[in-house]
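Student: So the chains spell out like this:
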Amino acid sequence: MWRRGERLYALLVFLVVALEALALGKLVLVFSGRLFHLLGYPQAQQALLEALFLTGVALILLSAYIPLYHAYTKTKELWDRKVFEEWVSRFSLALFGEAALPPPPWPRLALEALLHLRETLEGDCGERIEAWIRQANPRWNRVLKGRLASRPARLDALEALAQARLPETLGLILPYLRHPDPVLRLAAARAGARVAQGEGILQLGRALLQAGLPRGALLEILLLQNQATPVVDLFLREGQVEERWAALEALGRLKIHTLAVMATSFLEDPDPELKAAAMRALWRLGYAPEGYEDVLLVSLKDAREFLRAHATRLLALLKNDFARRILWEMLSDPSFYVRRAAAEALGTLDPETLREAAQVYPDPYGRAMAAQVLQEASWKS
Amino acid sequence: MVEDDPVVAKVVEVVLRREGHAPTLATDYASARTLLAQDWDAVILDLNLPGGSGLDLLRYLRKELKLSTPVLVLSGMKQERKKAEALALGAQAYLTKPFNLGELLRCLEEHVAQG
Numbered sequence: 136m137w138r139r140g141e142r143l144y145a146l147l148v149f150l151v152v153a154l155e156a157l158a159l160g161k162l163v164l165v166f167s168g169r170l171f172h173l174l175g176y177p178q179a180q181q182a183l184l185e186a187l188f189l190t191g192v193a194l195i196l197l198s199a200y201i202p203l204y205h206a207y208t209k210t211k212e213l214w215d216r217k218v219f220e221e222w223v224s225r226f227s228l229a230l231f232g233e234a235a236l237p238p239p240p241w242p243r244l245a246l247e248a249l250l251h252l253r254e255t256l257e258g259d260c261g262e263r264i265e266a267w268i269r270q271a272n273p274r275w276n277r278v279l280k281g282r283l284a285s286r287p288a289r290l291d292a293l294e295a296l297a298q299a300r301l302p303e304t305l306g307l308i309l310p311y312l313r314h315p316d317p318v319l320r321l322a323a324a325r326a327g328a329r330v331a332q333g334e335g336i337l338q339l340g341r342a343l344l345q346a347g348l349p350r351g352a353l354l355e356i357l358l359l360q361n362q363a364t365p366v367v368d369l370f371l372r373e374g375q376v377e378e379r380w381a382a383l384e385a386l387g388r389l390k391i392h393t394l395a396v397m398a399t400s401f402l403e404d405p406d407p408e409l410k411a412a413a414m415r416a417l418w419r420l421g422y423a424p425e426g427y428e429d430v431l432l433v434s435l436k437d438a439r440e441f442l443r444a445h446a447t448r449l450l451a452l453l454k455n456d457f458a459r460r461i462l463w464e465m466l467s468d469p470s471f472y473v474r475r476a477a478a479e480a481l482g483t484l485d486p487e488t489l490r491e492a493a494q495v496y497p498d499p500y501g502r503a504m505a506a507q508v509l510q511e512a513s514w515k516s
Numbered sequence: 004m005v006e007d008d009p010v011v012a013k014v015v016e017v018v019l020r021r022e023g024h025a026p027t028l029a030t031d032y033a034s035a036r037t038l039l040a041q042d043w044d045a046v047i048l049d050l051n052l053p054g055g056s057g058l059d060l061l062r063y064l065r066k067e068l069k070l071s072t073p074v075l076v077l078s079g080m081k082q083e084r085k086k087a088e089a090l091a092l093g094a095q096a097y098l099t100k101p102f103n104l105g106e107l108l109r110c111l112e113e114h115v116a117q118g
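Protein chains in written order, with the working numbering: chain A, 136 to 516; chain B, 4 to 118.
Next comes chain B alone, as it looks inside the complex (with noise of 0.2 angstroms):
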């Protein structure tokens, strides 16, 4: 989880633990940079973080990395062109704050059961 919110990371982290997943945290560009690399399950990544943008890192996953780890985007901003932009470089869902964790769940499940 690439997230710069301690609540948002906290009640993700409470939450996927106990859907039985081990979710790791990073909270800005560089160490999700890092990260990145590994064999993850899925990501779920902000856009707005401390060094950079969330959107370049989705493009780094892609482009460069080139792996299809399942993106969960989760961000505070609403426009639909951000959006667009998201699921254009890969994202495969894109909610927003505040979120159901409910659908946060249920997207990841679909995808995870998808990749």
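The shape of chain A in the complex, shown without the other chains (with noise of 0.2 angstroms):
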């Protein structure tokens, strides 16, 4: 892809080598002429002094390119960045009712002022501000739905509706999440993520479900979103592995209460990403999963140390016998991280029996975990 400034530094290149040659070749001419005596030596010596110039020429061109390129851009910014501010004057007073509001159509630095004027107000101002975006009537419908179109283009043109928040340009958004490029359906499910309302939030989450995105992006696109709920429930019934880590991960981190016996169902999945992602969500959710005892021991004995740390975590929650004699037994597993999280777990639940396992635990290496983690709960006390 070409960056700005590539495409006049490529020419000039070009320009440069055809210049070159043309004089390489007017030499060879003119001292092939010499060699057999057809030209006299002033033609010989007048063609070197040109190709010496033409050289010449050529490299303070190519010298002074860069350093005359970066001096306009600073200065371009710098321009840029003063009109940019004068117009977020301008709308910012015309908000307030303290001057009248520029009559469109605005430039586009004025625009981008409108964009990030959207992305930081809301309420009455934010509402006016929605207004005036929709009556600048940007063209990112010709961007968008043109062949011709560059992929910056379309990836500024997705950026704009994203800040801008309009939910009507959801349609606009929506064709994007079948699009070949990876990059596209990124920047289009992250748009989609800050424009859908109401309805659009369910038809985004079936477009993602069809967008073939990894999941850490879907889970960075649930996190985006104002109202993930109904995406992070469509996910967990209808979804791939991929959608259901996300929406486990998304879960927990965003405390979805209402869907934590959803995840529950998931600590019996065979895949053991999902199963840690739905022991991770409960955990964040302070969610207890009782009746779930043999699952979870179950994990406890598995031999992927992930599965077993978190499963571990877990028990804390169980807040019963059962849990404080499997967190007893835990701290001699073999693992550092399933140790350790026993030794935390046991500290939550019953901090008298993680002092009776520093001094007396059996294993050497659970009773100095538990120790430890005696000593970091005294620091931060």
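Keep in mind that the hints were calculated from the coordinates and are not lab data.
Please note that the accuracy of each hint is not assured.
Claimed, not checked - Some chain A residues flagged as far from chain B (calculated, every beta-carbon gap over 10 angstroms): (1) Leu143; (2) Ala186; (3) Gly351; (4) Leu409; (5) Ala423.
Said to hold, decoys possible - DSS-like, lysine-lysine: derived pairs with alpha carbons at most 27 angstroms apart: (6) B:Lys81 / B:Lys100; (7) A:Lys390 / A:Lys454; (8) B:Lys100 / A:Lys390; (9) B:Lys86 / B:Lys69; (10) B:Lys85 / B:Lys100; (11) B:Lys66 / B:Lys81; (12) B:Lys66 / B:Lys86; (13) B:Lys85 / B:Lys69; (14) B:Lys66 / B:Lys85; (15) A:Lys390 / B:Lys85; (16) B:Lys100 / A:Lys217; (17) B:Lys81 / A:Lys390; (18) A:Lys390 / B:Lys86; (19) A:Lys454 / A:Lys436; (20) B:Lys100 / B:Lys86.
Said to hold, decoys possible - Pair by pair, the computed Cβ-Cβ distance ranges are: (21) B:Asp31 / A:Lys217: 18 to 24 angstroms; (22) A:Glu220 / B:Gly105: 23 to 29 angstroms; (23) B:Asp31 / A:Leu203: 29 to 35 angstroms; (24) B:Glu112 / A:Ala271: 32 to 38 angstroms; (25) B:Arg84 / A:Phe457: 27 to 33 angstroms; (26) B:Arg84 / A:Gln507: 22 to 28 angstroms; (27) A:Ala206 / B:Lys81: 39 to 45 angstroms; (28) A:Ala199 / B:Glu112: 57 to 63 angstroms.
Ideal Cβ positions, reconstructed from N, Cα and C, are used throughout, including at glycine.
Two chains, two separate frames, one set of hints: put the complex together.
Tutor: Dropping the structure here:
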């Protein structure tokens, strides 16, 4: 992909190479003529001087381009910032009725100022800015539906739609969730998360199920949404592994307590990543998986330490003798992370038992871990 | 006001001037730290600043300068942990962006009156 300024530089290099080729060609002809005594010495000297002059000019052009380009860019950036801030001032004054709203059409930087204001303000002011953005009637439609627009232009348009948060533009965004370019798909998903409202939230969720985005991207989209619960619910019911993993992660991080029961059903999932995500979600929610003790026991005996560590941490929420007894046993687990999780969970559930473990636990590593967690707790307090 | 985003700074400045206040702007950590030592009616504080954290400024104001100037945090960070940290350090209110100007003014007037 070409960056700004590179096209001009490429053209300049091409021009220099072409001029050098011409000069070299002329030199070959003149020197050949001289070799066969067809041309005199003055013509050869003149051709040589011309070639030298052209080479000098070419070198100066190439060397001067980069500092000139940087100077131009810097000046333009400063100018653009000044104009942008002037537009922010004008719109801000108009917002509070201290100046008349400049009549549209507004230049590009004015629209940028409006979009930034839209990102900054909500309430009455936010609604007025939303109306002004509609009044500006930006050409996003043309860029996103046209065939000739470049990838950067489409990305800019999607970013602008995300900033503008106009619900009616969701229809422009959703087709991009099926675009073959994954960068555009991700940008569209981010924009959709900001724009979708009401019924649009589930429309976006259904489109995301078909978008083939990786789990990390899906999680980011869920965290970006103002109302993620319907999409998390949809992903858990109808999604594949990627969507379900993202939904379980979001469920815990966004503290969606209404879906905690759904998360417990994934404690028995054959996919270890989903099982671990469900345990993390429940732990973040503080939801005790009562009735799932046998399922947790299976994870506690699993060969994969991340499953044992998550299951151990979750035991603390059960707050019963079963949990206390298992946590005591898990202090002798061969994994540092599991022992750590067991000691921390025991510290939450029953600090007295942890103190006892720090003194009399038969396994020296378990005893040391209990002592370390106790010491850290005393530092924190 | 300690704010590096020119859009937020301009909007808040316009509305504060309209309400009869005379805001002073610091756009980075170092200049804010210098200005904080002066006597202000209130401080509107962003958390992500060039050169440092707004929470460190709040800590400096309360623990080192030992000033009880009302502080309203205005930040893009929506995590509960950040909010709890700011309030524990002595901020009077924690507003997140995008924000409602009316709410900002109400908070400001309430805490300035209390101060």
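Student: Please go over all the hints and tell whether each is borne out by the structure.
Tutor: Quick rundown of the hints versus the structure:
The claim that A:Leu143 lies off the interface holds: its Cβ sits roughly 30 angstroms from the closest Cβ of chain B, which is beyond the 10 angstroms cut-off. Non-interface call for A:Ala186 relative to chain B: holds, since the shortest CB-CB distance, roughly 52 angstroms, exceeds 10 angstroms. No beta-carbon of chain B is positioned within 10 angstroms of the beta-carbon of A:Gly351; the least distance is around 19 angstroms. For A:Leu409, the shortest C-beta to C-beta distance to chain B comes to about 26 angstroms, beyond the 10 angstroms cut-off, and the non-interface label holds.
Its beta-carbon lying about 21 angstroms from the closest one in chain B, A:Ala423 satisfies the requirement of being farther than 10 angstroms from that chain. Our distance criterion of 27 angstroms between C-alpha atoms is met by B:Lys81 and B:Lys100, whose separation comes to about 8 angstroms. About 21 angstroms separates the Cα atoms of A:Lys390 and A:Lys454, which keeps this hinted pair within 27 angstroms; it holds. Under the criterion of a C-alpha separation no larger than 27 angstroms, the hint pairing B:Lys100 with A:Lys390 is consistent with the structure, at around 21 angstroms.
Our distance criterion of 27 angstroms between C-alpha atoms is met by B:Lys86 and B:Lys69, whose separation comes to about 21 angstroms. Distance check on the hinted pair: B:Lys85 and B:Lys100 sit about 14 angstroms apart at the alpha-carbon level, within 27 angstroms; holds. Simply put, B:Lys66 and B:Lys81 have alpha-carbon atoms about 25 angstroms apart, close enough for the 27 angstroms limit, and the pair holds. Between B:Lys66 and B:Lys86, the direct Cα distance comes to roughly 18 angstroms. Compliance with the 27 angstroms bound is thereby established for this hinted pair.
Pair hint B:Lys85 plus B:Lys69 holds up; C-alpha atoms about 22 angstroms apart against a cutoff of 27 angstroms. A hinted pair counts as satisfied when its Cα atoms are at most 27 angstroms apart, and B:Lys66 with B:Lys85 qualifies at roughly 18 angstroms. Straight-line distance between C-alpha atoms of A:Lys390 and B:Lys85 comes to about 16 angstroms, which keeps the hinted pair within the 27 angstroms bound. Between B:Lys100 and A:Lys217, the direct Cα distance comes to roughly 24 angstroms. Compliance with the 27 angstroms bound is thereby established for this hinted pair.
The suggested pairing of B:Lys81 with A:Lys390 holds, with an alpha-carbon distance near 14 angstroms, which does not exceed 27 angstroms. For the proposed pair A:Lys390 and B:Lys86, the alpha carbon gap of about 16 angstroms is at most 27 angstroms, so the pair holds. For the hint pairing A:Lys454 with A:Lys436, the CA-to-CA distance comes to about 20 angstroms; that is within 27 angstroms, so the pair holds. Simply put, B:Lys100 and B:Lys86 have alpha-carbon atoms about 13 angstroms apart, close enough for the 27 angstroms limit, and the pair holds.
Taking the beta carbon of each, B:Asp31 and A:Lys217 are about 19 angstroms apart, inside 18 to 24 angstroms as hinted. Our hint of 23 to 29 angstroms for A:Glu220 and B:Gly105 holds, since their Cβ atoms are close to 24 angstroms apart. Judged by the Cβ atoms, the range 29 to 35 angstroms given for B:Asp31 and A:Leu203 holds: they are separated by roughly 31 angstroms. Between B:Glu112 and A:Ala271 the CB atoms are about 34 angstroms apart, so this pair conforms to the stated range of 32 to 38 angstroms.
Restraint check, B:Arg84 to A:Phe457: a C-beta distance of roughly 32 angstroms satisfies the suggested window 27 to 33 angstroms. Between B:Arg84 and A:Gln507 the Cβ separation comes to about 24 angstroms, which falls inside the hinted range of 22 to 28 angstroms. At roughly 41 angstroms, the beta carbons of A:Ala206 and B:Lys81 sit within the given window of 39 to 45 angstroms. For A:Ala199 and B:Glu112, the Cβ-Cβ distance of about 58 angstroms falls inside the hinted range of 57 to 63 angstroms, so the restraint holds.
In summary, this structure violates none of the numbered hints.
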